[in-house]
Amino acid sequence: MTVYYENVSDIRPPVTSTGVIGWMRENLFNGVFNTILTFLCLALFVKIVPPLFRWVFIDSLWVSTSAECRNIQGACWSIITANYRFILFGFYPYELQWRPTIAVVLLVGLLLISRNRRFWKKPLLYAWIVGLFTMEILMQGGWGLRRVESDQWGGLPLTFLLAVFGLAAAYPLGVVLALGRRSKLAVIRVLSIVYIETVRGVPLVSLLFMSAVVFPLFLPEGVTINKILRAQAAIILFTAAYIAEVVRGGLQGIPKGQYEAAESLGLNYVQTMRLVVLPQALKIVIPPSVSVLISAFKDTSLVVIIALYDLLKTTQATLSNPNWMGFSSEAYFFLACIYFICCYTMARYSRRLEKELGAPQ
Amino acid sequence: MAFSARSDDQIREAQPVMIWIEDLHKWYGEFHVLKAIHLTIHKGERVVICGPSGSGKSTLIRCINRLERHQRGKIVVDGIELTDDIKNIEKIRAEVGMVFQHFNLFPHLTILENLTLGPIWVRKMPRREAEDMAMAFLEKVHIADQARKFPGQLSGGQQQRVAIARSLCMKPSVMLFDEPTSALDPEMVKEVLDVMIELAEEGMTMIVVSHEMGFARSVAHRVLFMDAGQILEANTPDDFFTNPQHERTKLFLSQILH
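Each protein sequence line maps, in turn, to chains A and B. Numbering follows my numbering, with no gaps: position 361 of the first sequence is 484. Numbering follows my numbering, with no gaps: position 60 of the second sequence is 47.
These are calculated hints, taken from the structure and not from any lab test. Heads up, a few of these hints could be off.
[To be verified] With a straight-line cut-off of 30 Å between C-alpha atoms, the simulated DSSO-like cross-links for lysine-lysine are: (1) A/406 <-> B/111; (2) B/237 <-> A/379; (3) A/307 <-> B/30; (4) B/158 <-> B/136; (5) B/136 <-> B/111; (6) A/421 <-> A/406; (7) B/111 <-> A/245; (8) A/379 <-> B/158; (9) A/406 <-> B/136; (10) B/177 <-> A/379; (11) A/307 <-> A/406; (12) B/111 <-> B/78; (13) B/136 <-> A/244; (14) B/61 <-> A/307; (15) A/379 <-> B/74; (16) B/136 <-> A/245.
Values in this document were obtained by computation on a predicted structure and should not be read as measured data.
Using the sequences and the accompanying hints, generate a full structural model.
As structure tokens, then:
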């Protein structure tokens, strides 16, 4: 055998495989079929985008009366600008709407700060406690602020309330259920399985109905539990069952050797789970748990069926105003944007978290 | 079973009993994995267990820290009997160090955190103190410069040395090694065996499941041969290798000592 040596360090890759032309050839025009597809997509793009652009930006009205909107071809964004306060805050007293505004800003601010893992320390916990307390005072009144009953709450604050607390409570509950399902104790295991399978077997809508209609029947006379709280509980219980199954998948992905190593150091069950197993398992399941959380966030809009005025319901109520009937595309488009921003933020954050938590290999 | 009585054997047997196993039986379903095992190991004694795969040697040492539950018989470790009492089991596990074939380091923790986990959470040692001790043990296994790395960034031999240091951080009175070099690339076996030999020289009580016959010959006080769930032969390394008694042992030795 002959071995040839030459200096290979300064040979460059062929021009056609790099740069813009290389990329296009590789990805858009490699083969007849792909070339046809590329041109078809291009044609579709030309057909759809310019008219959409005209509808959204050129032929549209942004601030006008509803009557003016009837005479145009484009979008009538005036439905949003004229009604945004009702869409965002529902029946919350008009002159007091600065209060939910501050509450939402506070909540979003805290969420944004919490994204950064460097701040995951004691002060952040205190900030949350103070923040939540302030939000409650702002929404509900007291301490010199006028009282606003929770059946007047609506719109964005309500959606955020249901979503943030729903998800924050469902996640740990789901983890506990997942651990329960893998417990060595038969009673705990069976209870967890029964719970998870029962809840997964019914639609969220029926749980919400039960919380709104059936549950109060079991309460003694005169005792009422806030409707929002009941809906919140239904969302938590429902989401937890799904989280539990996702987390169980993660737990099964942890090799037996990890449990054995932890146990042979003398760590007890709780320590083994908290320090060794869960940190690894939960990291594996970040993508599917975020999927569950995103869909749970969107599912909060189902509370419309028990007549809670969340963002979707306030939008629908606006559309039922005779003045603004018929502009549903614009209203729903606006609504979709709000939901999209929230969900996309979650998705982005999950990717970042995954990267940050990944131990270098 | 008769052991050849040599003077250092007698000295050793004057030491307190570290592990006492009497009439140990274990079944996996219908399969009888361990059959009537009797074994006494004194403080400072080093035992190498060998035998064909499936002979129950790993199961035996995994019974000692209750990674496997035995169904009959008695195991006493350092004066504590292994029962179903979980507190007892945790106490014994903290006394018994275990090194696995596949290292089983915690991949989400740095090397230093792998070492300090047990001392901090089980021994309730202050973090600073635990870290100092961990660094000392990393020094000892010649790997202190890797303390801030993650297990995935280390070679197999380095990982196994970290695993040994992790066990040592618990200040165990016995160390169990479950085929510690079988998953390693050949050129890394020596660095791990060297660490084990250093440990032996310090008088650590060790039970090693291994086919490293050179190691057995130079370090072990006794070599046990297991087959089909029984200890067929137990002897000093010299006698074990030069004058095996049992046919099965002869066959086994002829197969591994080409």
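Starting from the hint list further up, note which numbers the structure goes against and sort them upward. Hint check: 2 and 3 fail, others pass.
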